[in-house]
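Take a look at the letters that make up each chain.
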Amino acid sequence: MRIEILEPEIKHAPYGSLLKGEVRVVDAQFGRFACANGWAKHLPAEGEQLVPTGKRGSQDYHDPAEWKEGDAAKPPLIQPVDGKLL
Amino acid sequence: MTLLAFLAFTSPWIAAAILSLSLLLLGMAKSVHDDVLDGALNIVKNNCTRMTLCNAEPTTYTEGNATFALADVTMASGDFTAANGDTNGRKLTVAAKNAVPVDTSGTSTHVALLDVTNSKLLYVTTHTSQALTSGNTANIGSWKFEIADPT
Numbered sequence: 001m002r003i004e005i006l007e008p009e010i011k012h013a014p015y016g017s018l019l020k021g022e023v024r025v026v027d028a029q030f031g032r033f034a035c036a037n038g039w040a041k042h043l044p045a046e047g048e049q050l051v052p053t054g055k056r057g058s059q060d061y062h063d064p065a066e067w068k069e070g071d072a073a074k075p076p077l078i079q080p081v082d083g084k085l086l
Numbered sequence: 001m002t003l004l005a006f007l008a009f010t011s012p013w014i015a016a017a018i019l020s021l022s023l024l025l026l027g028m029a030k031s032v033h034d035d036v037l038d039g040a041l042n043i044v045k046n047n048c049t050r051m052t053l054c055n056a057e058p059t060t061y062t063e064g065n066a067t068f069a070l071a072d073v074t075m076a077s078g079d080f081t082a083a084n085g086d087t088n089g090r091k092l093t094v095a096a097k098n099a100v101p102v103d104t105s106g107t108s109t110h111v112a113l114l115d116v117t118n119s120k121l122l123y124v125t126t127h128t129s130q131a132l133t134s135g136n137t138a139n140i141g142s143w144k145f146e147i148a149d150p151t
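Note that the protein sequences, when read in sequence, are chains A and B. First residue of the first sequence: 1, per the working numbering; consecutive thereafter. First residue of the second sequence: 1, per the working numbering; consecutive thereafter.
Read the hints as simulated data drawn from the structure, not as lab findings. Careful: at least some of the hints might be erroneous.
[Said to hold, decoys possible] Computed list of lysine to aspartate or glutamate pairs in EDC-like fashion (alpha-carbon distance at most 20 Å, straight line):
no.: 1; chain 1: A; residue 1: LYS84; chain 2: B; residue 2: ASP38
no.: 2; chain 1: A; residue 1: LYS74; chain 2: B; residue 2: ASP103
no.: 3; chain 1: B; residue 1: LYS45; chain 2: B; residue 2: ASP34
no.: 4; chain 1: A; residue 1: LYS84; chain 2: B; residue 2: ASP103
[As the list claims (entries may be wrong)] Between beta-carbon pairs, the in silico distance windows are:
no.: 5; chain 1: B; residue 1: THR128; chain 2: A; residue 2: LYS84; range: 14 to 20 Å
no.: 6; chain 1: A; residue 1: VAL81; chain 2: B; residue 2: VAL73; range: 27 to 33 Å
no.: 7; chain 1: A; residue 1: LYS84; chain 2: B; residue 2: SER77; range: 20 to 26 Å
no.: 8; chain 1: B; residue 1: VAL73; chain 2: A; residue 2: LYS84; range: 35 to 41 Å
no.: 9; chain 1: A; residue 1: LYS84; chain 2: B; residue 2: SER134; range: 30 to 36 Å
no.: 10; chain 1: B; residue 1: THR62; chain 2: A; residue 2: LEU85; range: 33 to 39 Å
no.: 11; chain 1: B; residue 1: SER134; chain 2: A; residue 2: LEU85; range: 16 to 22 Å
Note that the structure is predicted; figures quoted are calculated from it, not measured. Built from N, CA and C at the ideal position, the CB exists for glycine as well.
When you get a sec, could you build the whole thing from the sequences and use the hints?
Structure, rendered in structure tokens:
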């Protein structure tokens, strides 16, 4: 499962230029199955929706040191709901 | 208390009877030893050997282990920790499992704990729907369930 970045474009945000793009998580064996748009500093998970804030240098701004095209996407986190037996 | 004082002055025997009955009722609170609650939790702790992600609510062992199962991970008693409950009673915390291999593509909605040796579906809970793809992996966060003290 690899990250592929599609349709990058420059858009102007209130606090400066914002580089936007579509991030698509690609499964090498079974093809494309999930996508999200925007940049994120953290490694995106499969199917995760990425929404940039538009602030340069903010946490949502993409940092290539964190992840880049071609990196393996993070596995999705499944959080079971706690139970209570009365 | 005013009524009791009045009765104590006018009819001490009746006041004493009311006081005794009240103390008797107050002394009848319910309680349970931790070992009793742990007995139930330990059924899961000592017998669960597999956790599965399912695309529907399993109601039988076969459904949890095969029919609805998309991914599975081996479990051992060390993956379960019993402790005092968050509110009261006792709780069992299930350890997180990372890089769980997905065997079948589908949308996972439920988590099941299985006793493979005895073919028992021990516990089922839900989670936010998540698309899974065969050949990929998923991370399962830590979770817990709790048995409350009697009320």
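Non-conforming hints, listed in increasing numerical order: 4, 6, 8, 10, 11
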